[in-house]
Amino acid sequence: MVNDLAERARTLRKHVVHLAADSPGAHVGGSMSVVEILTTLYFDGVLRVDPADPDRPGRDRLIFSKGHSSAAYYAALAEAGFFPVSELDTYKKTGSRLAGHPHTGVPGVELATGSLGHGLPVGVGLAMAAQADALPSRVFVIVGDGECQEGSVWEAAMAAAHYRLDNLVVIVDRNGIQEDGPTEEIMALEPFADKWRAFGWATVEVDGHDVGELSNVLHELPLTWSRPTAIIAKTVKGKGLSFSENTNAWHYGHLSADLKEQALQELGGAR
Amino acid sequence: MTALADLREGLRFDPATTTAFEACRMAQLDLALQDDRVVSVEADLGDCWGLKFRESLPDRFLDFGIAEASAVGAAAGLAMGGKRPFLNTFGTFALMRAAEQVRLDICYHRAPVVIAGMFTGIAAGFSGPTHHAIEDVAVARALPNLTVISPADAVQAYDATCAAFAHNAPVYLRLGVEPGPQVYDAHEPFEIGRGRVLRHGDRLTVVTCGVTIVPEVLKAAERLGDVEVIDMPTIKPIDRDLLVRSASRTGRVVSVEEHSTIGGLGSAVAEVLAEHAPVPLRRIGLPDAYVKEIGDYAEQLRAFELDAAGVERQVRAWVS
Chain C
1 MVNDLAERAR TLRKHVVHLA ADSPGAHVGG SMSVVEILTT LYFDGVLRVD
51 PADPDRPGRD RLIFSKGHSS AAYYAALAEA GFFPVSELDT YKKTGSRLAG
101 HPHTGVPGVE LATGSLGHGL PVGVGLAMAA QADALPSRVF VIVGDGECQE
151 GSVWEAAMAA AHYRLDNLVV IVDRNGIQED GPTEEIMALE PFADKWRAFG
201 WATVEVDGHD VGELSNVLHE LPLTWSRPTA IIAKTVKGKG LSFSENTNAW
251 HYGHLSADLK EQALQELGGA R
Chain W
1001 MTALADLREG LRFDPATTTA FEACRMAQLD LALQDDRVVS VEADLGDCWG
1051 LKFRESLPDR FLDFGIAEAS AVGAAAGLAM GGKRPFLNTF GTFALMRAAE
1101 QVRLDICYHR APVVIAGMFT GIAAGFSGPT HHAIEDVAVA RALPNLTVIS
1151 PADAVQAYDA TCAAFAHNAP VYLRLGVEPG PQVYDAHEPF EIGRGRVLRH
1201 GDRLTVVTCG VTIVPEVLKA AERLGDVEVI DMPTIKPIDR DLLVRSASRT
1251 GRVVSVEEHS TIGGLGSAVA EVLAEHAPVP LRRIGLPDAY VKEIGDYAEQ
1301 LRAFELDAAG VERQVRAWVS
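Taken in sequence, the protein lines are chains C and W. For the first sequence, counting from 1, position 112 maps to 112 in my numbering; every step adds exactly one. To convert, take the position in the second sequence, counting from 1, and add 1000; that gives my numbering.
The following block holds chain C by itself, in its conformation from the complex:
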């Protein structure tokens, strides 16, 4: 199963390469770092969603709050069956519904995101509604680490603990690098996990590229009854490509034909 998931992850990365090469550009760094998180949620039986009926009442909700990493998100949605994989070729092309930042016109997208700091407050509301109606549905919010500099994230973090939303899970893609440089140089977040704990969240730190570790945690929710869960997934920005790892140079960019070729070779061949 872990090998299958690793293969899925490789497939998503290849899609990201295609999207970054065959469009004006993509947020490569944050897309590559979030791949295993998306892989585990969609392909390891975590998310209770139905691609054939994306609006089914009582479903789990995934809010992809770091909307700029849409390339990886669309790849996951397409591979999960929410829309045809071939549609990925329309990414950021005129007339396509696959905009640089996701919106609710795309099947499987629960919230239009891209303006950072919006996902968690909305996730809190969704979790409260499910809790009030005693629905089994859970709310997962994927946020970037730089995004956690937004005050709205911490307003919502307070509310989630206050209302004991143990059906709410935040997964932070802790790749350590934002657009202008390392998070700790731009606006330090550490001690980051301690902040979530101090806000009342059951908090765990995992290797965000280890699908086995992610899977173990995501199948054991909630970590603590009557507390929301924060999973700090330690990741590598631009993971999987020699030239994009651990640099903000590929926070956003367009892959040339040569780099596309190199990237696909590093990922084990064409998709």
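Derived from the structure by calculation, the hints contain no laboratory data. One thing to keep in mind: the hints can contain errors.
As the list claims (entries may be wrong) - Anything over 12 Å on all C-beta distances counts as not near chain C; from chain W, calculated: (1) T1017; (2) D1226; (3) V1279; (4) E1299; (5) A1308; (6) Q1314.
Claimed, not checked - If you want the footprint, here are the derived chain C segments under chain W, 3+ residues with CB under 8 Å: (7) 103-112; (8) 126-134; (9) 224-232.
Note that the coordinates shown come from a computational prediction; the quantities given were computed from them, not determined experimentally. Cβ coordinates follow ideal geometry from the N, Cα and C atoms, glycine included.
Add chain W to chain C, keeping to what the hints say.
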């Protein structure tokens, strides 16, 4: 329960004590008692007429503390999850402090949230400029999918709240804070997008909206004589047909509002007239400036010539 009982019998609110916001709160509670999807989303201003709701339905009185971004975002999330939230806070905080949450989380997603804004205009009086909302309508009007309603009194505020709920889409209610003279003496189904001719006249059309202002304009119209007065509670979508019909007949229009003359009712009227019935227009409202002088609300209205005498004076100066 006296006020609620009165209401159901179609009796008047006591205009000396009942604010539009209080009437809106009463409507929210009435709706909540009929429909268990209704929740009240608060940002630590629940004690402004919200206590009855909290006592009656504590589990549906959801306070987010002093955290508007979270409150607005969560209201949108609650709506997406099947609830029907009323968001109660000061107009300036909902529409400006959390403007982008209103824009993206509520308006873009057409999340059926009713934003009930109190302390709008300069009704905050002594509270000072941080509590005045003189630009809220300009912000609200620019947001796609958002209906903007400014009721004239407590009775209309109650009816508009019910209509906003039935609308099942984003609505901003602009509710002032002071009790004002009653304009409507009976409840009626509030129709979004429809203005009301309160007084017929042939020489001039006055378009207005809002608590305190509409009754002041009616008083001014009595002194001015042959003047038509239109109550235009729905600022967006504005009742274009009514406005064009009246303007075409009278040939002159004045707008009166407790809002900056930039972006509010006057601007909405100007947009319609310029394209559909180009007649001379005079916009009466607050100047393009922050109100730094504190004071009693009535005194402030006098200072800005938004009381009956001031409106009369401004209209006479313009038409003479």
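Against the structure, the hints:
1. T1017: Given that every Cβ of chain C is farther than 12 Å from that of T1017/W, nearest at about 34 Å, it holds.
2. D1226: Answer for D1226/W: holds, closest chain C Cβ roughly 52 Å.
3. V1279: 41 Å, holds
4. E1299: 37 Å, holds
5. A1308: Holds, since 44 Å exceeds 12 Å.
6. Q1314: It holds; Q1314/W is separated from chain C by about 42 Å at its closest Cβ, greater than 12 Å.
7. 103-112: holds (count 5)
8. 126-134: holds (count 7)
9. 224-232: That given contact is violated, which follows from only 0 residues of the region 224-232 of chain C lying within Cβ reach (below 8 Å) of chain W.
Of the hints listed earlier, the one the structure fails to meet is number 9.
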